[in-house]
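Going line by line, the protein sequences match chains A and B. Residue numbers for the first sequence follow this note's numbering, beginning at 1 and rising by one. Residue numbers for the second sequence follow this note's numbering, beginning at 1 and rising by one.
The hints are simulated quantities; they were obtained by calculation from the structure and are not laboratory data. From the three backbone atoms N, C-alpha and C, an ideal C-beta is built for every residue, glycine too. Where hints are given, some of them may not hold.
[What the hints assert, rightly or not] Just the calculated beta-carbon pair ranges, DEER-fashion:
{"#": "1", "chain 1": "B", "residue 1": "Gly112", "chain 2": "A", "residue 2": "Ala153", "range": "50 to 56 Å"}
{"#": "2", "chain 1": "B", "residue 1": "Thr5", "chain 2": "A", "residue 2": "Asp115", "range": "17 to 23 Å"}
{"#": "3", "chain 1": "B", "residue 1": "Val69", "chain 2": "A", "residue 2": "Asp115", "range": "51 to 57 Å"}
{"#": "4", "chain 1": "B", "residue 1": "Val101", "chain 2": "A", "residue 2": "Asp34", "range": "45 to 51 Å"}
{"#": "5", "chain 1": "B", "residue 1": "Val87", "chain 2": "A", "residue 2": "Gly157", "range": "35 to 41 Å"}
{"#": "6", "chain 1": "A", "residue 1": "Asp136", "chain 2": "B", "residue 2": "Cys14", "range": "26 to 32 Å"}
{"#": "7", "chain 1": "B", "residue 1": "Leu9", "chain 2": "A", "residue 2": "Arg133", "range": "31 to 37 Å"}
{"#": "8", "chain 1": "A", "residue 1": "Gln154", "chain 2": "B", "residue 2": "Leu235", "range": "18 to 24 Å"}
{"#": "9", "chain 1": "A", "residue 1": "Gln187", "chain 2": "B", "residue 2": "Thr228", "range": "33 to 39 Å"}
{"#": "10", "chain 1": "B", "residue 1": "Leu235", "chain 2": "A", "residue 2": "Leu253", "range": "50 to 56 Å"}
{"#": "11", "chain 1": "A", "residue 1": "Asp259", "chain 2": "B", "residue 2": "Val80", "range": "48 to 54 Å"}
{"#": "12", "chain 1": "B", "residue 1": "Pro166", "chain 2": "A", "residue 2": "Arg145", "range": "22 to 28 Å"}
[As the list claims (entries may be wrong)] To list a few chain B residues with every Cβ distance to chain A over 10 Å, as calculated:
{"#": "13", "residue": "Leu15"}
{"#": "14", "residue": "His22"}
{"#": "15", "residue": "Gly26"}
{"#": "16", "residue": "Leu154"}
{"#": "17", "residue": "Ile224"}
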Amino acid sequence: MIGAAVKARSDSLAISEVPAAVHVRLRGVTRVFDLPKGKLHALGPVDLDLGRGEFFSVVGPSGCGKSTLLDILAGLSRPQAGVAEFEGAPIRDVPDGVGVVFQEDASFPWLSVRDNVAFGLRRAGIDPAEIARRVDYAVGFMGLRDFAASYPAQLSGGMRQRVCIARTLVMQPRLILLDEPFGALDQQTRLLMGDELLRLWRETGATVLLITHALDEAAMLSDRVGVMSTRPGTFIDFVETGWERDRDSRVVLTPHFGDITARLWDKLRVEALKIMSSGQA
Amino acid sequence: MPRITGTALVLLFCLLLWQTLHLLVGASSLASPFQTVVKLGSLLATAEFWQNVAETMRAFAAAFLISLVGGIALGILLGVRRLAGNVAEPILVNLYSIPKVVLYPLVLLCFGLGISAKIAFGVMHGLIPITLFSMNAIRQMKPVYRRTAQVLRLTSAQSAFTVILPAILPEVISGVRLGFSLTLLGVLIGEMFASQRGLGFMLISAINIGQIDTIMAVALLLTIVAVTCNSLLLLLNRRMGYR
Chain A
1 MIGAAVKARS DSLAISEVPA AVHVRLRGVT RVFDLPKGKL HALGPVDLDL
51 GRGEFFSVVG PSGCGKSTLL DILAGLSRPQ AGVAEFEGAP IRDVPDGVGV
101 VFQEDASFPW LSVRDNVAFG LRRAGIDPAE IARRVDYAVG FMGLRDFAAS
151 YPAQLSGGMR QRVCIARTLV MQPRLILLDE PFGALDQQTR LLMGDELLRL
201 WRETGATVLL ITHALDEAAM LSDRVGVMST RPGTFIDFVE TGWERDRDSR
251 VVLTPHFGDI TARLWDKLRV EALKIMSSGQ A
Chain B
1 MPRITGTALV LLFCLLLWQT LHLLVGASSL ASPFQTVVKL GSLLATAEFW
51 QNVAETMRAF AAAFLISLVG GIALGILLGV RRLAGNVAEP ILVNLYSIPK
101 VVLYPLVLLC FGLGISAKIA FGVMHGLIPI TLFSMNAIRQ MKPVYRRTAQ
151 VLRLTSAQSA FTVILPAILP EVISGVRLGF SLTLLGVLIG EMFASQRGLG
201 FMLISAINIG QIDTIMAVAL LLTIVAVTCN SLLLLLNRRM GYR
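The following block holds chain A by itself, in its conformation from the complex (with noise of 0.2 Å):
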């Protein structure tokens, strides 16, 4: 019967596995940053649990250590202390079966679309079979054909972020991680870009985690939302937002969005407050 529903959707990246419930697990994760003026105690401790297939979000105010939860979760950083795993294996270097897209643009430009996105793949040494079928179904997915001889240099800083965002996907990532993917694009894209996201999660069934600056991202595209505190960051609150799986942009429209918002920025203002008045801000 497994089977049967993989074959039914090999033509998508869909993950045909489907293990135990906790898909990430963090205990008392810290992390300290030794600075030529003195330690910086960034991250912690920090408890977390993710959900398979769960779409959680952390929001917090800046420098509050969010890029190092995810550095950490890629395997780019190592907590000093706690223990920090992925499908029940502590996580060291970068692991198999995880995603990560980043703010900054890391579209390859001497490299066309195609190339881009097929990049990651060649170099895990998968049949061109394979990767083509893989490729094509991405940047279709993505909404990229058009472009796919194109070189980034060509494309818009949204265009770019997709190619980012296709190159992981071909990848199959059972977790994806995203870094503020869309921080550095205008308020229509995000929310576009945003349903993209929520289809593309929806489809391959992936656990995702998004950092956040933007509340209203935050509310609308997840399941759940962690609200991180000032430096050393730890997680104050955490919301459930109730949404259907089958959502996209337009719940922004609804009164639950309003009122999801409004918690969310109710814990947060506080501590955005004790960073304003330590002027770090």
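Dock chain B against the given chain A, drawing on the hints supplied.
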């Protein structure tokens, strides 16, 4: 206006300027374009001239190869090792800005009279710009490229050859363009001061006996060669498809 028309107009302007200057200062100080081309034609027909060209090209090829490989390798090393780069940068910039000809007697003492001194002098001119450009290319590379390579789980070799190298290539080629001209300059100066062969030697001999047309013919040939090579490198730079 098409590119080619613009280039032709600039060339025509230079020729007119040359001819005007020739008419102003006289043939004993500046040969006319026509005289120069005729002289170059007759030089090209002699075996001795080609021996000199071969000699210069041999020294230049060796010096350029050393500058190219050494400069890129050193530049990448200094770009990656931040402390080493910070220490080396002011030293290199100062070395680069002094007139290296004052050091030529020392080069001669170290390498002796012959091709190795010319090569060394060419390298002294060409190595530093290639090193500095390569170092800055590494330093200015967007950090997100390296992070992307990491999250795509690339090996160090894959990340070096498929991410870092293409990312720095446009800058490196700019450095190579500059290094190319300066290496040629270094070799020619070397030949002018202590050599019995080569185009630089031909130049200085012609200067000593006041053969204006020979000086101009050699200068014209060198200009054509240098401009052609520079244009090819520039084309390569544009062909990279970015920047």
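Hints, verified against the model:
One distance hint, 50 to 56 Å for the beta-carbon pair Gly112 (chain B) and Ala153 (chain A), holds here, with the actual separation near 51 Å. At roughly 36 Å, the beta carbons of Thr5 (chain B) and Asp115 (chain A) sit outside the given window of 17 to 23 Å. For Val69 (chain B) and Asp115 (chain A), the Cβ-Cβ distance of about 28 Å falls outside the hinted range of 51 to 57 Å, so the restraint is violated. With their beta carbons about 49 Å apart, Val101 (chain B) and Asp34 (chain A) fall inside the hinted range of 45 to 51 Å.
For the pair Val87 (chain B) and Gly157 (chain A), the beta carbons lie near 38 Å from each other, so the given range of 35 to 41 Å is met. Checking the proposed 26 to 32 Å range against Asp136 (chain A) and Cys14 (chain B) shows it is violated: the Cβ atoms sit about 54 Å from each other. For Leu9 (chain B) and Arg133 (chain A), the hinted distance range of 31 to 37 Å is not satisfied, since their beta carbons lie about 54 Å from each other. Between Gln154 (chain A) and Leu235 (chain B) the CB atoms are about 20 Å apart, so this pair conforms to the stated range of 18 to 24 Å.
Restraint check, Gln187 (chain A) to Thr228 (chain B): a C-beta distance of roughly 52 Å breaks the suggested window 33 to 39 Å. In this structure, Leu235 (chain B) and Leu253 (chain A) meet the distance hint of 50 to 56 Å, their C-beta atoms being roughly 55 Å apart. Asp259 (chain A) and Val80 (chain B) have their C-beta atoms about 52 Å apart, which keeps the hinted 48 to 54 Å range intact. Remark: the range hint 22 to 28 Å for Pro166 (chain B) to Arg145 (chain A) is upheld by a beta-carbon distance near 25 Å.
With 10 Å as the threshold on Cβ separation, the claim that Leu15 (chain B) sits away from chain A holds: the shortest Cβ distance comes to roughly 38 Å. No Cβ of chain A approaches the Cβ of His22 (chain B) within 10 Å, the least distance being about 46 Å, so the stated non-interface status holds. No beta-carbon of chain A is positioned within 10 Å of the beta-carbon of Gly26 (chain B); the least distance is around 53 Å. Taking the minimum C-beta to C-beta distance to chain A, about 5 Å, the non-interface status of Leu154 (chain B) is violated against the 10 Å cut.
For Ile224 (chain B), the requirement that its beta carbon stay farther than 10 Å from each beta carbon of chain A is met, with the minimum near 32 Å.
Going down the numbered hints, you'll see the structure goes against 2, 3, 6, 7, 9, 16, while the others check out.
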